[in-house]
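Student: Residue numbers (the numbering used here), protein chains in the order written: chain A, 1 to 157; chain B, 1 to 194.
The reader is advised that the hints may include incorrect statements.
Claimed, not checked - Cut-off 25 Å, straight-line C-alpha distance, at most; resulting in silico cross-link-like pairs (BS3-like, lysine-lysine):
hint : chain 1 : residue 1 : chain 2 : residue 2
1    : B       : Lys71     : B       : Lys90
2    : B       : Lys90     : A       : Lys77
3    : A       : Lys88     : B       : Lys43
4    : B       : Lys43     : A       : Lys30
5    : B       : Lys94     : B       : Lys161
6    : B       : Lys181    : A       : Lys17
Stated by the list, open to error - Not close to chain B: a few residues of chain A, all C-beta gaps over 10 Å, as computed:
hint : residue
7    : Gly75
8    : Ser122
9    : Glu130
Because the hints were derived from the structure by calculation, they are not lab data.
Positions of the beta carbon are idealized from the N, C-alpha and C atoms, including for glycine.
Residue-level listing of the chains:
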Amino acid sequence: MPDQPILLREQQYHQIKAVLARLRMDAQAKVVFLVDKDGQEIASQGEVGNLDTTSLASLAAGNVAATGGMAELIGEKEFPTLSHEGEKESIHISVVGRLLLVVVFDERSSLGLVKLRSKQISHQLAAMFEEIAAGDYDDLDSPFAGITDEDIDSLFS
Amino acid sequence: MTFINYASREINCKIVYYGPGLCGKTTNLQYIFDSTAPQARGKLISLATETDRTLFFDFMPLELGTVRGFKTRFHLYTVPGQVFYDASRKLILKGVDGVVFVADSQEERMDANIESLYNLEENLQSQGYDLLKIPYVLQLNKRDLGNIIPVEDLAAELQRKGEPVVEAVASSGQGVFDTLKAVAKQVLTELRKG
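All chains, full assembly: derive it from the sequences and hints.
Tutor: This is the structure:
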């Protein structure tokens, strides 16, 4: 079955941001962000500046999906981590359930440190998202519950 | 899969343009990209071959505006149309909220349309979706060409469930935003249902 929509409360969002901020500091990374496997960016921390995190999120998800497809073909469930090392900038991606933890780092850090810190924090993120997925959201007003056809039309005017 | 962030007050939805090779999926996205203000859209990412055939996907984030205080963002994707990229097409359908099927109106492409539509139904099923239940629009593209099949005949063959049918010439923009609007409206209506 398709995954359920992700609904993120304000408090949960700030908790995630705090976890990402700690990872960023511990791993001495430039940017850390969390993406769902469908390519939606959930939260980011760090020197985002002009970095196009939306595109990066989509491409990271595509990358993981493609390598996951390759894994299946050779009889593996998935490849839980991916690393791409450039001359100056590098990316490390870890699969955490239905999420991807993406760390962008440069020569101030190292792949070993980023891997270690990402792994340490993965359990915490996984637990947080289990809670989010199992949460009761009946009290949250859907912003679309009272939407009218005119509201929708106005988006295209 | 819709993502609603109550902290940043954003809603993100995923729309996939599907269809046979060279039917104009990328052209739809390119037109939307070219005719949208830069502040309303991100980059158009194309993972294409050296001959500009889509290899994996095209991607473009588009912000349509604010509804009830929430920024509404659509992530538009295309799939590679060529038959042998089926594994990639399956992956791109993951988490989809709405689908546009771009049909090529030319007579000689009818078989390719039918094959691609069956492939869409199968691949949706493999991801746990049902074409009859998800937001869906049929776009009949290339209506400016000479050797095209009448709209009624195309609809009779390709329409699945009374979905909106939009005539288009994606290269000049005709029908491109009507298509997007038709699918976005269904996606938002689904959200209203909760």
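Student: All hints are to be evaluated individually against the structure, with a verdict given for each.
Tutor: The hints, checked one at a time:
1. B:Lys71 to B:Lys90: violated, 29 Å
2. B:Lys90 to A:Lys77: This hinted pair holds, its Cα atoms lying about 17 Å apart.
3. A:Lys88 to B:Lys43: Answer holds: lysine 88 of chain A to lysine 43 of chain B is near 23 Å, not above 25 Å.
4. B:Lys43 to A:Lys30: holds, 22 Å
5. B:Lys94 to B:Lys161: holds, 22 Å
6. B:Lys181 to A:Lys17: This hinted pair is violated, its Cα atoms lying about 34 Å apart.
7. Gly75: holds, 16 Å
8. Ser122: Serine 122 of chain A clear of chain B: closest Cβ-Cβ about 20 Å, beyond 10 Å.
9. Glu130: holds, 17 Å
Hint violations for this structure: numbers 1 and 6, all remaining hints satisfied.
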